[in-house]
Amino acid sequence: MVTNATSLGRNGLYDWLIQRASAVVLGVYFICVLGFFLCPGEATFADWHAYMTSTYMKVFTMIALISFMGHAWVGLWTVSTDYLTSLQLGKAGTTVRMIFQGGLALILLAYLFWGVQILWGVK
Amino acid sequence: MKTTVNSKRPVNLDLSTIAFPLPALISITHRITGVALFVGVGLLLWGLDLSLASEESFNSLKECLDGVFAKLVLWAILSGLIFHLVAGIKHLGMDMGIGETLEGGRLGAKIVLVLSIVLIIAAGVWIW
Ligand code: HEM
Numbered sequence: 001m002v003t004n005a006t007s008l009g010r011n012g013l014y015d016w017l018i019q020r021a022s023a024v025v026l027g028v029y030f031i032c033v034l035g036f037f038l039c040p041g042e043a044t045f046a047d048w049h050a051y052m053t054s055t056y057m058k059v060f061t062m063i064a065l066i067s068f069m070g071h072a073w074v075g076l077w078t079v080s081t082d083y084l085t086s087l088q089l090g091k092a093g094t095t096v097r098m099i100f101q102g103g104l105a106l107i108l109l110a111y112l113f114w115g116v117q118i119l120w121g122v123k
Numbered sequence: 124m125k126t127t128v129n130s131k132r133p134v135n136l137d138l139s140t141i142a143f144p145l146p147a148l149i150s151i152t153h154r155i156t157g158v159a160l161f162v163g164v165g166l167l168l169w170g171l172d173l174s175l176a177s178e179e180s181f182n183s184l185k186e187c188l189d190g191v192f193a194k195l196v197l198w199a200i201l202s203g204l205i206f207h208l209v210a211g212i213k214h215l216g217m218d219m220g221i222g223e224t225l226e227g228g229r230l231g232a233k234i235v236l237v238l239s240i241v242l243i244i245a246a247g248v249w250i251w
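Chains as they are written, first to last, in my numbering: chain A, 1 to 123; chain B, 124 to 251.
No lab work stands behind these hints, which were simulated from the structure alone.
Glycine included, each C-beta is placed from N, C-alpha and C at the ideal position.
Heads up, some of the hints might be wrong.
[As the list claims (entries may be wrong)] Have a look at the derived ranges for each label pair, beta carbon to beta carbon: (1) S54/A x V158/B: 24 to 34 Å; (2) F143/B x M98/A: 25 to 35 Å; (3) I66/A x S180/B: 37 to 47 Å.
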């Protein structure tokens with residue numbers, strides 16, 4: 001078995017599963033959010049605010065954000081192990097890929113805490 | 124990278140010499156929209172922030188979305204999301220063994236193409 005220190009689930013089968021489970025969560029979440037705008041009548045601040053800051057949607061948004069982190073990590077990890085390798089970049093391949101993955105992890109964490117701040121900072 | 128497979132196997136990764144039937148194009152577009160959505164989610168979070176912070180910021184976001192450029196950006200994000208979602212559902216279906224034959228794969232790719240174009244046009248109509 002080929003293992004890789006940077007894969008989220010430590011092996012391809014777990015990564016595969018993480019990506020499927022998170023895909024379902026994200027799919028349902030986006031349908032729930034977009035569903036709000038498909039309701040008849042104009043989208044007012046009061047309605048939107050009440051909807052998104054309900055405990056139900058706050059928790060769901062957090063679950064979606066965590067799912068997004070897992071999904072995007074596995075997804076972009078896969079992309080980086082396809083295109084940012086020694087095959088395309090020669091000796092620099094591994095270094096470039098590690099920098100890419102490190103930056104990715106930082107951005108994902110930033111998204112998470114930004115999301116927490118948006119939802120829990122709101123009055 | 125550790126070489127784990129026989130390195131003497133011929134490798135052809137010259138994309139310009141490889142044919143791209145529709146299922147392959149759907150696959151690469153799914154990948155491209157996935158990467159694009161990573162950036163798109165950042166913009167969506169920004170929008171979420173403005174939309175919830177206060178009634179004033181909600182209204183200024185609404186005003187901003189009257190502009191053609193902002194509408195185009197929103198449409199692009201939604202289009203990426205729609206395509207990635209529709210192709211992703213097909214992907215999950217194939218993981219469960221639905222449409223895994225050559226013919227099934229071709230049909231699935233056509234369904235994804237038509238369905239996502241319809242939904243993307245609908246999203247455009249909704250935005251404008
Ligand atoms: C909202 C943010 C999303 C982002 C940033 C995102 C990003 C990505 C990326 C980068 C990949 C890797 C593509 C590849 O390896 O070719 C991927 C794969 C995938 N995505 Fe998403 N995605 C998102 C939402 C969704 C949703 C809502 C679904 C729902 C069905 C979904 C379903 C999938 C599936 C099934 C795969 C696996 C494809 C494969 O194994 O080749 N994604 N995603």
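Status of each hint after checking the structure:
S54/A and V158/B have their C-beta atoms about 32 Å apart, which keeps the hinted 24 to 34 Å range intact. The supplied range of 25 to 35 Å is met by F143/B and M98/A, whose beta-carbon atoms lie about 31 Å from each other. Here the CB-CB span from I66/A to S180/B is close to 26 Å, at odds with the stated 37 to 47 Å.
When held up to the earlier numbered hints, the structure conflicts with hint 3 and nothing else.
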